[in-house]
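Fit chain A with the ligands to the supplied structure of chain E, relying on the hints for placement.
Sequence lines, in order, name chains E and A.
Residue numbers are given in the working numbering: position 143 of the first sequence equals residue 192, and the series is strictly consecutive.
Residue numbers are given in the working numbering: position 313 of the second sequence equals residue 362, and the series is strictly consecutive.
Simulated from the structure, these hints should not be mistaken for lab results.
Treat the hints loosely; a few may be bogus.
It does not matter which identical chain is used: a pair holds within one copy or between any two.
[Unchecked claim] Straight-line Cα separation of at most 20 Å, SDA-like style, residue types lysine to any residue; simulated pairs:
(1) Lys697 <-> Pro444
(2) Lys368 <-> Arg445
(3) Lys368 <-> Glu510
(4) Lys368 <-> Gly640
Only a predicted model underlies this, so the values are computations on that prediction, with no experimental measurement involved.
Number of protein chains: 2
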Amino acid sequence: MASDPQIKNSNVDVLIIGAGPAGVIAADWLARFTKYGVKTRVVDKRSHKVFTGQADGLNPRSIEMFQSFNIANKIVSEANPMNEVCFWAPNESHGGIERGRRIPDTIPGISRYVQSVLHQGRIERHILDDMNEKSNGTMKIERGVLPETLEVNEELCQDDNAYPVKVGIRQLSEEESRPKLGSKNGEVESGLYKSNLVKDEDDDVEFKPDVPVGDREIINAKYVIGADGAHSWVRRQLGFKMQGEGSDFVWGVVDGVPITNFPDIRCRAAIHSNAGSMMIIPREGSLVRLYIQLNLQVDEGGHVDRSLITPKMLMDQAKAVFHPYSIEIPDIMWYTGYQVGQRLTSEYAKNDRVFIAGDACHTHSPKAGQGMNASMADTYNLCWKIGHVLAGHAPRSILKTYESERRPFAEHLIMNDAQLAKLFSGKPLSSAELNELGVDMKDFENILERGISFFLGTSIEYFNSTATANGRDGRLSSKQELAKNIPVGQRFPSHQVVSQFDGRHYHLVDTMFADGQFTIVLFAGNMDKQVNRQRLQTIAQRLDSDDGVVSKYTPKDRQRDGVIDVKTVHCGGRTNIEVHEFPQPTIYPPGTYNKLYVDDVSYHAGHGEAYKNYDISKEDGAVVVVRPDHFVGLVTSLDGAGMDDVDKYFSGLLKTVPAEQRNSAKDIKVIPQPKV
Amino acid sequence: MASDPQIKNSNVDVLIIGAGPAGVIAADWLARFTKYGVKTRVVDKRSHKVFTGQADGLNPRSIEMFQSFNIANKIVSEANPMNEVCFWAPNESHGGIERGRRIPDTIPGISRYVQSVLHQGRIERHILDDMNEKSNGTMKIERGVLPETLEVNEELCQDDNAYPVKVGIRQLSEEESRPKLGSKNGEVESGLYKSNLVKDEDDDVEFKPDVPVGDREIINAKYVIGADGAHSWVRRQLGFKMQGEGSDFVWGVVDGVPITNFPDIRCRAAIHSNAGSMMIIPREGSLVRLYIQLNLQVDEGGHVDRSLITPKMLMDQAKAVFHPYSIEIPDIMWYTGYQVGQRLTSEYAKNDRVFIAGDACHTHSPKAGQGMNASMADTYNLCWKIGHVLAGHAPRSILKTYESERRPFAEHLIMNDAQLAKLFSGKPLSSAELNELGVDMKDFENILERGISFFLGTSIEYFNSTATANGRDGRLSSKQELAKNIPVGQRFPSHQVVSQFDGRHYHLVDTMFADGQFTIVLFAGNMDKQVNRQRLQTIAQRLDSDDGVVSKYTPKDRQRDGVIDVKTVHCGGRTNIEVHEFPQPTIYPPGTYNKLYVDDVSYHAGHGEAYKNYDISKEDGAVVVVRPDHFVGLVTSLDGAGMDDVDKYFSGLLKTVPAEQRNSAKDIKVIPQPKV
Ligand SMILES: Cc1cc2nc3c(=O)[nH]c(=O)nc-3n(C[C@H](O)[C@H](O)[C@H](O)COP(=O)(O)OP(=O)(O)OC[C@H]3O[C@@H](n4cnc5c(N)ncnc54)[C@H](O)[C@@H]3O)c2cc1C
Ligand SMILES: Cc1cc2nc3c(=O)[nH]c(=O)nc-3n(C[C@H](O)[C@H](O)[C@H](O)COP(=O)(O)OP(=O)(O)OC[C@H]3O[C@@H](n4cnc5c(N)ncnc54)[C@H](O)[C@@H]3O)c2cc1C
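Next up, chain E with everything else stripped away, as it sits in the complex:
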């Protein structure tokens, strides 16, 4: 087929297969590299995006990720933040449920965002709008497109200019790309056709030799990302195996507006009852989602008869759990059922040319609401790396850090999820039976509470990676003690600072929206002191030199802050220093107002106390390198040794630009101050 001269043949830098959460984040990242000529295509076999049902849980870290793309506000304004988890357990005397503890759903202070819920379709919509904007309208999802063949030419894999991956695709007919089993059960929208309880109908859509040649195309890609979900076709082509355990717990899901006298219907409520377990997720508007444990047994790997799972069966079970409270959902919007199991792929990448991401790599219960979060975080990690390699800024070796960073996370996730799922599906209950039966209420709550910290996503740590200098790969160690609350390998925490130029207050990360660049944050210390001004001057000389990291890794035809951006946060009095007293041009490039900040009181939002919150000494200061995905790469000192560390950090990650092609500070015109 590949040799049929009549079949259309095309080249592309990146081909993304699958436009679920993982695929659209990949696309949105790569859209930001279209400015460097990177070409990306996205195909999905379905003709329509998700409209109802599916994932809706967003953890604070995912919202921080949206923030880095500057789309958090749109999403937050539509989402329902969850504030409280209420635990319910059987009352010993009447046997119905009663409220136990309440705890905050997000640990206060850990992020400026909280656990929130928004329908997956809306989230994807906002990401796709951003992709469209950032790619200047050049990228769109090609729907109803089925990949049929995938070949990797291993000999070409070391050649940066080659297209080693060949993917044959076919345009499906409208009929083929619609879910065949139908997604309706009478009037009610059903998600069963996507559930792991039934055989994947799509496996039937296979290579058809007799379709018209015009519907086929061979795409030669430099990179392919398989973001094609739990049944991943890409994964199967590569021969990677899903490893791990299944489980015989079966859960049902129902979405709708309930009529109930249950008092915590607007809280996340974790209910253990004598009739089974349930989880309530309050959603946007007055919508609520119920996760309902079912009295159904399925063997590991087996399938159930989908006709068993009906809206009525799910609601009957919910009513039994709710006793003595009543609940009705007059119009069920969507329902599904699934079996809880934890599995992880044997490999993440083939020759660092074909990657899989999201549910294609890991599956687990939707209970802790991690599926969408974990899937988006995979490609958020991967795609700035691919972008920089394609833009010519980075060597292909950084692609190794995708698996080295994301696999440990997935292992951790699956372990936590297994524990939680077990607890959730265990049959508890009356406090009397506690220790005898498998599950202790206290245990349950404690594990959930500890789990929360992991599930919030803000404590994820990358190690064993050339891109995080936390010393665990023996390459480079940070001076973590200079900024104890900026842990290397974790996401850069944000605190409020004030613009030197206009006194406006900002969250520090809001000054560095993700556009591909690394950021060097110079915590320059107290500029009221001459000695600290002098120190910054010394750093500036190094940064302004043609061997400084900014010049060395930025080609002439890029914006000077396009690869490495330098921001300064000092902690003197804002009005004690004039902007022109900051070293020009690298630290204060003339006409640029987003490089200089101060940890000082603001007019309208108090004092951010950034130095205190980061635990940085106002005398010593610190230098922090923040990666394009807002993870901390390096913490070091504000002196020559520190600048050596910075050099060393980037030398492992970026490609040195030949001397004559460097972006030089000398090209920037500085307007002298008036002499009066």
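Positioned in the frame of chain E, the structure of chain A with the ligands alone reads:
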């Protein structure tokens, strides 16, 4: 013409003439009444909306108004907030300018929004998008439409069902509706064609007898709003006169991205120099607007030769003022010139059927950035009243309060503006010459500082009005002492409260987006005490009765909270009371989660201390009636006498619904609590 049977003849509830800031706010308000069958049309003689230049200053009150329409976030995220005003004056030794004081541009704590700047075209865009959504896509602006005739049939004016205003309109050709003098000066966009310095070219577009009949239409309207700007055609048809003073100060305006070494280019800078005065307004992106005092004299009412005002002439003057700093604007985006004068219309309304609003009523200098704010506030005040009259909820008499509320404001505005304009254009300067010359720097700064409080828009007070029970019209007095910081007649200040249902924190006004309804806020006091629960129960009985204000003023076919919404804010512990312990159904209508709030600590945003901030006793509580435009109508006591006041308040504003057509609390189904 009106009798020509071939001319199309149509009826409409409201015809808005002019789609500038005043017109679009009018349209957006009335869009919210389409659900009650109210039909509104908007015509504008220009074929395109504003794209560059014109107003851009938004005061905090205008942003609060956008918040009430739930569009503040969109606008704020694009706008540039202004934080600091820097005063510059001549240095005695070198004669160039030097920085004096810095003050915050918005008084901290007065609003959660600050003075901000965003291009008028973007603001109008967001309002029009909202109009479209709220009218379910039924409303759009009809552009290139010129009104030619306007007649009011006074005999019909007392008849609620009549269409007493006849407006003849004509569809202009594309050529006619484009500004004839052109808006370009070489490559540069010029606003001179709209300036008061040159004769209004549009006055030439007049009644043409020989256009095809198909381009004409007679619109019979119940109400007409003339929002057609400073040269208002509607005002001229009604024979209202603009009264007040002109002035011979001429100012120029330039927009662009400057190259400069002036340190305060991102602050609002008020510069007095030996060469003249200037005001710097930092805008979105790196844009800056310069308001430049010109060395041009124009007689009162006279016009200047527009060829005198060129980009070069403006920049030469700016450079002279800036000495010893340098400034260049390589690409001027837009420029204009105008003459400062203060004028007010003799009347606001004809028979309470035709109203004028915005620049049609009042003109003043753009210096304090009030034009757009004041214009939008006019129709924001007017249109919920028209909406309620047309929906049948309110008698026509409430329309009188438009002029009685807005004229005193305009007088105040014009007085303040005259003072400011004089100070700004005065020739000051070196501190030595201070008292001899007309302007004292201290004076100037003090007046500006006092002016700020007025110009922020948050202290505007309506009195002499049936819609504000501050006793000045002798009708009804508030018990202001029960909530000292909720001044009757001013906008309802907002503080944080927490939802009883899910623990989420809200700004109180964010729980009551403007949809036409009045809101009764019951500050119910400390619900931990039985006596306070009992008191709320007594209030509830009255509200649940068929003679209570909610039932009495709400027809059966309206949502029960569509005319008067009741919210409760208590101050006991949130977890000390269950939701079903609040009186059902009026105070807690089952299935409704946006009525019950508590002044308690939140998980993520501290304690709002609403009672303390409003100065309401936690024992006594208070009742506050908030108007649809978020102005405070009444403050009274949480007892029978207070409820009598509430009755009395609404009796002057709303129409009593006949007993059998009332929306009754008895129709609401309450689910009983389980008995265990
Ligand atoms: C009922 C339910 C509730 C859930 N609730 C939550 C929750 O609350 N929170 C949460 O975070 N997660 C939840 N999840 C999990 C979540 O939906 C997934 O983890 C997440 O969608 C995975 O994203 P993904 O992009 O990896 O894969 P998917 O979302 O599965 O996207 C894969 C995409 O690839 C396409 N595709 C598949 N095969 C091919 C092929 N061969 N060729 C081309 N295209 C292909 C599909 O059409 C699809 O668009 C839930 C899942 C279910 C079923
Ligand atoms: C250079 C300049 C700078 C300014 N800067 C500021 C500022 O910083 N801040 C601020 O708040 N204000 C500023 N203003 C003032 C501000 O632009 C006006 O106050 C404001 O636009 C008035 O709003 P409006 O809706 O009443 O009238 P306009 O904005 O004038 O709108 C009137 C509309 O009616 C239409 N129209 C006119 N006549 C007819 C007719 N006969 N038939 C049909 N349609 C008609 C017009 O086409 C126009 O769309 C500035 C004005 C200028 C000129």
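Against the structure, the hints come out as follows:
1. Lys697 <-> Pro444: Intra 15 Å, inter 77 Å, cutoff 20 Å: intra-copy only.
2. Lys368 <-> Arg445: Neither: 56 Å inside a chain and 52 Å across chains, both beyond 20 Å.
3. Lys368 <-> Glu510: Neither. Shortest intra-copy (42 Å) and inter-copy (54 Å) distances fail the 20 Å Cα cut-off.
4. Lys368 <-> Gly640: Result: close only across copies, 17 Å inter versus 65 Å intra.
Hints 2 and 3 from the earlier list are contradicted by this structure; the remaining hints agree with it.
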